[in-house]
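*Asks:* Spelled out from the first residue to the last, the chains are:
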Amino acid sequence: MPSVGVAEIVSTVVQPDLFAAAIRIATPLALAAIGGTICERSGVVNIALEGLMLISAFFGVAAALACPVVLGITGVAASWIGVLAAILAGVVMASLHAFASITLKSNQVVSGTAINILALGLTGFLIQVFYQRTGTTDSAVLIPPLFAFDPKPSGGLATAWNWFSGVALGHTPLVYITIVIAIAAQWALYRTRWGLRLRALGEHPRAADTVGISVVRGRYMAVLMSGALAGLAGANLTLEQVGSFSENMTAGRGFIALAANIFGRWTPVGSYLAALLFGFAEALEIRLQAFIGVIKIPPQFFLMLPYILTVVVLAGFMGRAVAPAAVGKPYEKE
Amino acid sequence: MPVLELRGVTKVFPGVVANDDVSLTLERGEIVALLGENGAGKSTLMNVVYGLLTPDGGEILVDGNPVRIRRPRQAIDLGIGMVHQHFMLVETLTATENIVLGREPTRLGVVDLAVARASVVELSERYGLKVDPDKRVMELSVGMQQRVEILKALYQGARILILDEPTAVLTPQEVTELFGVVRSLVTAGLSVVLITHKLEEVLASADRVVVMRDGRVVGETRPSDTDEISLARMMVGRDVVLRVEKGPANPGEVALEVTDLDVDDDRRLHAVKGVSFQVRRGEVVAIAGVSGNGQSEIIEAIVGLRRPRGGSITLLGHDITHSSTASTIAAGVSHVPEDRHRRGLVLEFDLAENLILGDHRRMPFSRRGFLRPKAIAATAKKRISEYDVRTPSASVLAGNLSGGNQQKLVLARELGRDPECLIAAQPTRGLDVGAIEFVHKRILAERDAGKAVLLVSLELEEVQSLADRILVIYEGRLVAEFAGGQVDAETLGVYMTGGGRGAASGVSTTGGVSA
Amino acid sequence: MSTPEEITAQRARWMTVAQKAGTPLMSVLLAMIVGSLIVLASGGDPVAAFSSLWEGAFGNAYQTGETIMRSTPLIFTGLAIAYGFRAGLFNIGAEGQLFMGGLAAAWLGIVLAGLPWFVILPVMLVLSAVAGALWAFIPALLKAKVGAHEVITTMMFSFIARYFVSYMLNGPLKAPGPGGTPGTIPISAVLPPQSTLPKFTDLFPWLPPNNAHVGFLVAIGVAVVVWLLLKYTTVGYEARAVGFNPFAAQTGGVSIALTTVWSLCISGSLAALAGASEVMGVHHRLSDQFSAGFGFTGIAVALLAKNHPIAVIPAALLFGGLAAGSGFMQLNANVPDKLVDIVQALVIFFVAAESIITWFIKRRQKEATRNA
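Residue numbers (the working numbering), protein chains in the order written: chain A, 1 to 334; chain B, 1 to 515; chain C, 1 to 372.
A few of these clues could be false.
No farther apart than 27 Å at their CA atoms in a straight line, the calculated lysine-lysine pairs in the DSS-like style are these [to be verified]: (1) B:K441 / B:K374; (2) C:K174 / C:K145; (3) C:K306 / C:K231; (4) B:K374 / C:K231; (5) C:K145 / A:K329; (6) C:K231 / B:K382; (7) A:K296 / C:K174; (8) A:K105 / C:K306; (9) A:K329 / C:K306; (10) C:K231 / B:K381; (11) B:K246 / B:K441; (12) B:K381 / B:K441; (13) A:K105 / A:K329.
Listed next, the stretches of chain C that the computed footprint assigns to chain B, with coverage defined by at least 3 CB atoms under 8 Å from CB atoms of chain B [unchecked claim]: (14) 220 to 234; (15) 241 to 254.
To be clear, the hints were calculated from the coordinates, so they are not data collected in a lab.
Given the structure is predicted, the values throughout are model-derived calculations rather than measurements.
By construction, the Cβ of each residue, glycine as well, lies at the ideal position given by its N, Cα and C atoms.
Turn these sequences into a full structure, and let the hints guide you.
*Replies:* This is the structure:
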């Protein structure tokens, strides 16, 4: 017989911080996944999200660390400049992918793979060049949470407040910005001219072309936007969560993001919710570690979940999951 | 003043003059039918007008002003709209979204769907083009999709509407409705160019008919001044360049028998409707018809590339209706596909590798899963010389051969197998005269060796010179049968284009030679 | 005696070989030039960097042994990716099949420990390959039946494999600690000697000390087998036909679905051999960090080899040499070893250089017509 009862485990694990952690873990995944959604909706496969995140995470920290010396800006302000640098790094790296896959019409998966390897090598290389050591950079100033979390004494409404503030308050700015981006991107995709044209590009670029929509320009825009969003994801990792950059710190998050994009059926809000689900699985796994002797589910199962679910979706077991029809195909004019 | 005028438009593709000095006028409120066989250059001409192709010579005038159209956008801005044979619709978007795409009514970048929808409803009511504006295109019938295409052109401000083979995908009722719509469009002041190869449509709907053949305009008339026979003559009549010598046929037992065959096409439309015919040993049976009338689907069903919906296919008495392609080949059916680059050859393979495709699992080319290079090389050498494939060696890639030599390679493989039955689709498409003669001789040699030959061709001349019996297909049905050498091209042309129904009433389409 | 035609044909064949090798060599050269620029920009000495890289890769017997050791798994993964490409499939999940191969080897090596080495070694290799094939089977089936893209499914399966291995190493396969105490680190027990691949120095004691093991010979042998498979069997013939032109293959009676399943499974089995050879020849046990991204480097190897099984060997030696020399370079030229990854990524980009070249030509032509 286990020494700890199930009810006890539930009450220990199901606490506000579990959900807060899920939201926190989901944020970089969701940002990159929304980037992937926009990119793939335009007809360009983006398996480079991992590399884009990694390179931005590094340049975010590097810029924040350089700020005091170069610009004389210190503290959180430097970190915000780091966020901008991260976005820029993501866009620059994404432009490489755009050039290869749109202009040169080379294999988009090959190009993405090259970017992932390049990001890994370049960041490792630059750590040593900039900081004369391997593995990790110095720490930048972390961007603090937006709201102060203020627990009230227990009882009645106070419990509800504590839950609310524990789950929803106390996050860093990009966490909220991500939610705004998810909703805004969803709205833009289905309500704006840009979104309508983007959807047309990924489904039937020729139809778009015959009514005068530039396929090349539209796809470049989308790939660069995915770079910017992956850049924000990288910035969140280093400047809001960890503070420093360490080698390969994205550790496959870019691929989970790709999975979230698919699981979310190529929609921004869907991507966010999928990221949230995957984030929840990971948060739960971390908290259940404490009860490893009682709960017999191996922790690896929770970590596998995003990948298994994605395959299940692709296999068609959960309704039709249809990628944009023209995704991965370079556009050829006659 | 004509709203659209073409003067001496010329378009050259590598090796082919698709449009040769074509001139044409279109008046306001007029329906001009552009009539011609496949490959006569109709669609090319209209793609030039729409800015999808760049002309090599000539002038285009809109409202009397010379214009240069290099992109569809420019054509649209000049008031030219085109409904393509393959619809340019985004299936996952709604009818309204498709119609306004590229010219969306927006407020600060936000698509004003209410305004868009209202314009669509207004347009569709004005011209009697009923569509559900909120349905996604993938949920609409083909006829509905076509209306969306027409509405799209109208929404973009088209005054000149080009319809490319608009009836090819429609049911008879939809065709009637379409022509009603077209009539109301011209009454409202639009002008319409109707690309078609169907005589009845021309006679029923056009104000003027322009007939094209081999890239040139060969005649112009009004429906009231002409009839099916003379139109067909204009369309297909040409100087006979070559005709192979051939002896009388010596038909033997039935080799291939197709009974009540029903086949769907890729769009799941009923493409072959209750087709029955036989091919005997020692005869060439040709299926004549305009492309897209179900010929490809018949062949694909026979060779196992497409599952028939109903009916049966037997080879020498054995049922092969649901056989795989591999076992159909093994049973003795050889197939010269209509598109040799797509289906006939692996262009990245060398000649020897191409020559064993389909036989590669059998002796002498392989044993227990291992290829036998010596046997393959020996056979390749033999077939290459036997079929006069001009190449420095058998290890040259098929993609490096000329078109004629590629087709000889396909023949070398398919005939070299010594089949019971040969199915040849468009076997001389794109070949020069010498290669055509070679292919024709080979096909007749197969017949004389007692093989059953089924020929599918869009070239009437080829049908007439090779066939012992001619079946005419129109909209998925066999509509007439003639003995070879006893029918002229005009008559065939009439049947192929849906005419001559009255005259055809006495013609049997199931059994032996009747006409 | 050769006829003039045969001589011309032979010469043409050599010309095409030279042409085929041209782009890869060019792309390696370009990657090294760009790599040098990066070194220069970071304040290093590119000449020192690349000469010490060379020194570290082939400078002495020990370093050459390191190169051979590191290129061994790359030959296998390079073959895996190349075989997939030949059949029109992008097996980006080779890393996962590699993990399953390693897992199978680590388990079998202990289970079969009672058998003599000449039975146990081939059985381990074959069954590891089967494990990789099985791991590729579901993505292959999904591709053939519902058209689920193998890039996504094999990638997902590769993560699942890594977590599965992690689970096994934390549970059933975890090595006991000293004196029978429960183990603390996720690592499997050490294989008995009869289930490991010997080092060359074990077989030939007169060789100078180095770490190369006979897995390298196995890899070369497998490369030859794959080459023969593609060239001289119906399975390989059909794979190539489908890869080049599925429609023509189908018209020739080849089942696209069946060929897809076979090809991806063969690819998976080749990747699994990389894992098995690492476990059996290098680490002699399984840990969850035993692959240095060999599955991904295999993509670079295959691209550089233009998917030719024999050309995979030199391509793998190149990347193996880069890996072996990188530490040496860091030590002696003070250039970060990560330069090697950058060069590798650049090689991948530049192998697509063919299209860069055609793109330039097209642009030139466009400008010419515009000016005319």
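*Asks:* Now tell me, hint by hint, if it's right for this structure.
*Replies:* Each hint tested on the structure:
1. B:K441 / B:K374: violated (30 Å)
2. C:K174 / C:K145: violated (38 Å)
3. C:K306 / C:K231: holds (15 Å)
4. B:K374 / C:K231: Holds, because 13 Å separates the two Cα atoms, which is no more than 27 Å.
5. C:K145 / A:K329: holds (21 Å)
6. C:K231 / B:K382: holds (21 Å)
7. A:K296 / C:K174: Answer holds: A:K296 to C:K174 is near 17 Å, not above 27 Å.
8. A:K105 / C:K306: Holds. A:K105 to C:K306 sits at ~18 Å (cutoff 27 Å).
9. A:K329 / C:K306: holds (21 Å)
10. C:K231 / B:K381: Cα-Cα ~19 Å, so holds.
11. B:K246 / B:K441: holds (9 Å)
12. B:K381 / B:K441: holds (21 Å)
13. A:K105 / A:K329: holds (8 Å)
14. 220 to 234: Held - the stretch 220 to 234 of chain C has 4 residues with a Cβ nearer than 8 Å to chain B, which meets the minimum of three.
15. 241 to 254: Held - the stretch 241 to 254 of chain C has 11 residues with a Cβ nearer than 8 Å to chain B, which meets the minimum of three.
When the structure is compared with the earlier hints, violations turn up for hints 1, 2 and for no others.
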